[in-house]
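*Asks:* Chains as they are written, first to last, in this note's numbering: chain A, -18 to 108; chain B, -18 to 108.
Hints may be right or wrong, so weigh each one.
Same chains, same label: a pair holds when it works inside one copy or across any pair of copies.
[As the list claims (entries may be wrong)] DMTMM-like cross-link-like pairs, simulated, lysine to aspartate or glutamate; straight-line CA separation at most 20 Å: (1) LYS10 <-> ASP(-5); (2) LYS10 <-> GLU35; (3) LYS10 <-> ASP91; (4) LYS10 <-> ASP26; (5) LYS10 <-> GLU39; (6) LYS10 <-> GLU59; (7) LYS10 <-> ASP45; (8) LYS10 <-> GLU66; (9) LYS10 <-> GLU74; (10) LYS10 <-> GLU99; (11) LYS10 <-> ASP60; (12) LYS10 <-> GLU23.
If you're looking for bench data, these hints aren't it; they were derived computationally from the structure.
Number of protein chains: 2
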Amino acid sequence: MTTALIVLAHGSTDSRWQAPFETLEQRLKERMSSPVRLAYMELCDPLLETVVEELHAEGFNSIDILPLFFAAGRHLREDVPAQLEALRHASPELSLTLLDPVGQHPSFADVVVSIVAENQRDSSCTE
Amino acid sequence: MTTALIVLAHGSTDSRWQAPFETLEQRLKERMSSPVRLAYMELCDPLLETVVEELHAEGFNSIDILPLFFAAGRHLREDVPAQLEALRHASPELSLTLLDPVGQHPSFADVVVSIVAENQRDSSCTE
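Produce the entire structure from the sequences given, and follow the hints as far as they go.
*Replies:* Next comes the structure, spelled out in structure tokens:
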């Protein structure tokens, strides 16, 4: 069976903060051939633990976790690895791989450049 | 004079958390023709207010602020606009534009898809 992907956001009690992550999950589902799910580290549903257990119940034993974080602070160095370790302890057959956060990927600079370029074009059209 | 760009990160007291933002700033400087600077909203230097004042002193009266945030939570709806309003009050000739956060841009989904695709290629090479 293919590896499933979880895109992991921090989480917030602010529902307006969650909406863009749900939009991103929808865009990813439309574009990816392998299963993709959104999960939150804390503060709102669905939590990482819940989504891992659901994917496991669906038959996935290999899950990659891509953090929607700009940088690896304490959450990604300590808290999330501890969450994953607890999940592995509960289900030793699970292979859980924590990827580098998206903000550390070289192509992330490309998208920022393209957003800036697009904004400059829009500004010159309206001036 | 052209418009300057500030890429705005949240800020942290964790120096390891800051490093990827500095790398991103360097990549942007190499790729953009207009001036670009990194600033933090709070917790570490250089702060937004400092960078705006420095760019203003260099002669820029028009500055776009691109938030390196995934979503517009309370910080981008309330705190940053209040910081910008105080800066405008101090220097009425300043034109400060707060752009949508990068995570809400449609092309952000593209970069996540490309990161996932690259990871899958890497995995299949090592299996």
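*Asks:* So, for every hint listed, does it hold in this structure?
*Replies:* Consistency of the hints with the structure:
With identical chains, the CA atoms of LYS10 and ASP(-5) are never at most 20 Å apart, being 24 Å at best within one copy and 34 Å at best between copies. In this assembly of identical chains, the alpha carbons of LYS10 and GLU35 lie at most 20 Å apart only when taken from the same copy (17 Å versus 43 Å across copies). Proximity of LYS10 to ASP91 under the C-alpha cut-off of 20 Å is restricted to the inter-copy arrangement: shortest distance 12 Å between copies versus 22 Å within a copy. Taking the closest pair of Cα atoms, LYS10 and ASP26 come within 20 Å of each other only inside a single copy of the chain (19 Å); across copies the shortest separation is 38 Å, beyond that limit.
For a Cα distance limit of 20 Å, the shortest separation of LYS10 from GLU39 inside one copy, 17 Å, qualifies, whereas the shortest one across copies, 46 Å, does not. For the homomeric pair LYS10 and GLU59, neither the shortest alpha-carbon distance inside one copy (29 Å) nor that between copies (32 Å) is at most 20 Å. In this homomeric assembly, LYS10 and ASP45 come within 20 Å of each other (Cα to Cα) only inside a single copy, at 15 Å, whereas the closest approach across copies is 32 Å. Proximity of LYS10 to GLU66 under the C-alpha cut-off of 20 Å is found in neither arrangement, the shortest distances being 27 Å within a copy and 39 Å between copies.
Taking CA atoms no more than 20 Å apart as the test, LYS10 paired with GLU74 passes in neither setting, with 26 Å inside one copy and 46 Å between copies. Within a single copy, LYS10 and GLU99 get their C-alpha atoms only as close as 25 Å, which misses the 20 Å cut-off; across copies the closest is 17 Å, which meets it. Taking the shortest alpha-carbon separations for LYS10 and ASP60, neither the intra-copy value of 27 Å nor the inter-copy value of 33 Å comes in at or below 20 Å. In this homomeric assembly, LYS10 and GLU23 never come within 20 Å of each other (Cα to Cα): the closest approach is 22 Å inside a single copy and 35 Å across copies.
When the structure is compared with the earlier hints, violations turn up for hints 1, 6, 8, 9, 11 and 12 and for no others.
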